[in-house]
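Asker: In order, the protein sequence lines correspond to chains V and X. For the first sequence, the residue numbers in this note's numbering are 26 to 312. For the second sequence, the residue numbers in this note's numbering are 20 to 423.
No wet-lab data here; the hints were simulated from the structure. Backbone N, C-alpha and C fix where the C-beta goes; we use that ideal spot for every residue, glycine too. There's no promise every hint is true.
As the list claims (entries may be wrong) - With the Cβ distance kept under 7 Å, some of the chain V side facing chain X (calculated, not the full set):
1. 39
2. 41
3. 97
4. 98
5. 103
6. 106
7. 143
8. 146
9. 255
10. 256
11. 311
The residues making up each chain are set out below.
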Amino acid sequence: MLAIYKKELKSYFTSMTGYVFIAFFLCIIGIYYVAYNLVGSLANFEYVLSSASFLFVLLVPILTMRIMAEEKKQKTDQLLYTSPLSPTSIIMGKYLAVITVFLIAMAIVSLYPVILLQFGNIPLKIAYGSILGFLLLGAAYIAIGLFISSLTESQLVAAVVSFVVMLITVLMSGIVEMFPKDNKSALIIFSVIVILICLITYVVMHNITISLSLGIIGETILMVIYFIKPTLFDGLVVRFFDWFSVIERYNNFLMGMLDLSAVIYYISIVFLFLFLTVQSIKKSRWS
Amino acid sequence: MIEVKNLVKRYGDYLAVDNLSFTLEKGRILGFLGPNGAGKSTTMNIITGYISSTEGTVTVNGNDIYDQPEEAKKCIGYLPEIPPVYPDMTVREYLNFVADIKKVKRSDKNKMISDIMNMTKIADVSERLIKHLSKGYKQRVGLAQAIVGYPELLILDEPTVGLDPMQIIEIRDLIHSLSKNHTIILSSHILSEVSAICDEVMIINKGKFIVRDTPENLSKHIGGSNGLHIQVKGDKDIVQNALSPIDGITQIVYEESNQEGIVKLTIYTGEEIDIREDVFFALSDVRCPILDMTSTSMSLEDIFLELTQDDEITNQGEVTDQEEAANQGKVTNQEKVANQEKVTDQEKVAKQEKITDQEKATNQEKVINQEKATNQEKVINQDKATDQKQATDQKEAENHVSDL
Chain V
26 MLAIYKKELK SYFTSMTGYV FIAFFLCIIG IYYVAYNLVG SLANFEYVLS SASFLFVLLV
86 PILTMRIMAE EKKQKTDQLL YTSPLSPTSI IMGKYLAVIT VFLIAMAIVS LYPVILLQFG
146 NIPLKIAYGS ILGFLLLGAA YIAIGLFISS LTESQLVAAV VSFVVMLITV LMSGIVEMFP
206 KDNKSALIIF SVIVILICLI TYVVMHNITI SLSLGIIGET ILMVIYFIKP TLFDGLVVRF
266 FDWFSVIERY NNFLMGMLDL SAVIYYISIV FLFLFLTVQS IKKSRWS
Chain X
20 MIEVKNLVKR YGDYLAVDNL SFTLEKGRIL GFLGPNGAGK STTMNIITGY ISSTEGTVTV
80 NGNDIYDQPE EAKKCIGYLP EIPPVYPDMT VREYLNFVAD IKKVKRSDKN KMISDIMNMT
140 KIADVSERLI KHLSKGYKQR VGLAQAIVGY PELLILDEPT VGLDPMQIIE IRDLIHSLSK
200 NHTIILSSHI LSEVSAICDE VMIINKGKFI VRDTPENLSK HIGGSNGLHI QVKGDKDIVQ
260 NALSPIDGIT QIVYEESNQE GIVKLTIYTG EEIDIREDVF FALSDVRCPI LDMTSTSMSL
320 EDIFLELTQD DEITNQGEVT DQEEAANQGK VTNQEKVANQ EKVTDQEKVA KQEKITDQEK
380 ATNQEKVINQ EKATNQEKVI NQDKATDQKQ ATDQKEAENH VSDL
């Protein structure tokens with residue numbers, strides 16, 4: 026794992042990627058910092074991070090697109106997967122290397138509130154709380170990007186798909202408001218989702234019995250729940266899609282709350298996507 | 020050392036590897052031989068644990084590649100078809116990285132890497148970025164990577180691809196010297212290479228096992244019929260009539276001759292019958308002088324073509340492969356192949372039309388039966404002269420290559 030970690034970290038700084046990421050990241054945050062804190066004389070550093078959170082949508086794909094896609098393209102994945110390393114340690118090494126690049130940038134950012142101290146009293150607890158939230162948010166996005174990169178061997182595809190997925194998670198909180206809240210349309214929407222899942226499983230596995238039985242079971246469960254307790258569907262669409270709104274949970278940190286459920290949410294996102302990445306590697310050996 | 024049992028790999032409906040089983044003892048070199056798409060690389064990828072088999076098991080040193088991957092992979096060094104190198108690393112950095120992921124001890128690492136660089140002759144490029152190296156050097160870096168950690172089993176997928184003739188010989192020598200301490204499986208679609216390096220050859224086609232034997236035995240046993248190639252001055256009909264009463268002739272193949280009044284033909288006989296005298300007298304009776312007479316025993320090329328072309332459906336890939344094999348053959352065995360190329364093609368069509376079914380069914384049996392039945396007979400019967408001739412042929416071929 027350590028060997029992979031070192032090699033990955035080095036490759037970020039032998040190529041431009043690492044420098045470009047850190048420079049761009051610091052530049053944008055610096056602009057907001059100057060505008061809000063230095064020129065606007067605001068004492069709240071969290072506003073800077075709140076405004077800069079869109080950065081992830083742009084920068085994380087750049088950081089993560091090459092992680093797995095490049096290995097596949099160069100066929101060096103053959104070296105890694107035939108070495109005595111387990112897929113888990115390969116993925117962990119790579120993930121930690123990206124996190125390290127991100128942490129280097131964040132380490133510099135975390136000096137900013139301290140600089141403000143010389144102008145007066147600063148709510149440091151909120152500032153560092155929001156930095157922690159920012160870190161968790163970034164870690165979650167990087168895990169998602171890593172997973173997407175493991176699905177393709179084209180860096181461009183990985184970058185575009187990651188960008189779209191992250192954009193959706195950012196826009197989700199706005200989109201969710203438009204979804205209907207009554208239980209009948211909830212039933213329809215979930216039925217459509219079940220059918221979509223069936224189609225996807227059919228495309229992936231080419232097994233009509235599995236997809237069909239999956240669809241029938243899913244639809245019956247929905248119907249049964251609907252007839253027994255229709256109130257369960259009230260507002261379910263909104264709640265369901267809210268779950269995907271990764272950035273929404275970050276707002277609590279900005280308000281100075283250390284929201285434990287949000288911390289757990291982000292950590293579980295990280296583990297979920299690392300797990301999925303390992304699975305996708307193992308699966309690619311089978312097909 | 021390694022045991023492969025009932026290996027099957029299916030891609031959808033396509034059967035890439037079809038029930039392949041073999042074992043290999045320590046210190047042997049086994050060559051995989053087959054046309055493009057025969058399943059050589061797939062098999063190697065399964066053995067090394069890069070992809071999983073649909074059915075069947077691979078055991079390396081008693082460790083199953085799927086159940087105990089770490090122990091099994093420790094014993095394997097793998098050079099895939101495309102060397103798995105990182106273009107942005109220097110050669111030394113790369114080998115260092117490989118040593119790390121193969122868990123080589125820190126204290127041995129530097130010595131091992133410099134030894135391996137000397138072995139594969141890449142020490143002079145050790146500080147250069149891999150992306151600036153030529154194909155041949157990349158290939159050697161790939162080979163060096165496989166040797167790092169001195170694994171007991173080396174699996175080399177077409178190790179000499181992209182090298183010039185001089186380097187090919189160097190790599191062959193290297194593989195030979197490695198075989199003292201390592202067990203080696205290598206694949207190739209170049210026959211002369213396999214017969215030069217390997218103790219044993221395993222021919223596979225379309226994922227199926229066809230035959231496994233030493234290169235010498237293969238060319239002895241599978242031949243079946245011996246050929247006599249002659250050039251006669253005279254009319255084709257007269258020659259035909261003169262030859263027809265001779266016993267033991269199984270087939271006569273006429274070639275097109277570009278010289279007026281000269282007939283070129285190849286006579287095939289049953290196994291150990293010498294018809295040279297009969298042919299001479301028969302033709303001298305009708306006053307047709309023999310200008311040239313050479314006996315041809317089947318070379319590895321012919322065996323290969325024979326065995327891999329059983330199926331009537333010869334696709335494009337195989338045709339080009341045949342050409343490649345023929346070209347390669349020309350380098351090593353110019354005369355023979357030039358003569359036989361046409362003959363074998365014609366012969367094949369004729370043969371296949373007649374006995375395709377029989378051939379198909381009995382080919383594998385034939386090999387095994389013949390092996391058993393003729394093993395003892397042949398040792399006694401075989402003309403010692405032909406053995407010697409083969410040996411000198413091979414030597415000549417080697418010289419030829421080194422001249423290039």
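Asker: Each of the hints needs a verdict: does it hold here or not?
Answerer: Checked hints:
1. 39: With a closest approach of 6 Å, the residue 39(V) hint holds.
2. 41: This hint is violated: residue 41(V) lies away from chain X, its Cβ roughly 11 Å from the closest one there, beyond 7 Å.
3. 97: Hint on residue 97(V): violated, closest Cβ of chain X at ~11 Å, above 7 Å.
4. 98: violated (11 Å)
5. 103: holds (5 Å)
6. 106: With Cβ-Cβ at 5 Å, under 7 Å, it holds.
7. 143: Violated, about 43 Å.
8. 146: violated (49 Å)
9. 255: violated (44 Å)
10. 256: With Cβ-Cβ at 47 Å, over 7 Å, it is violated.
11. 311: holds (5 Å)
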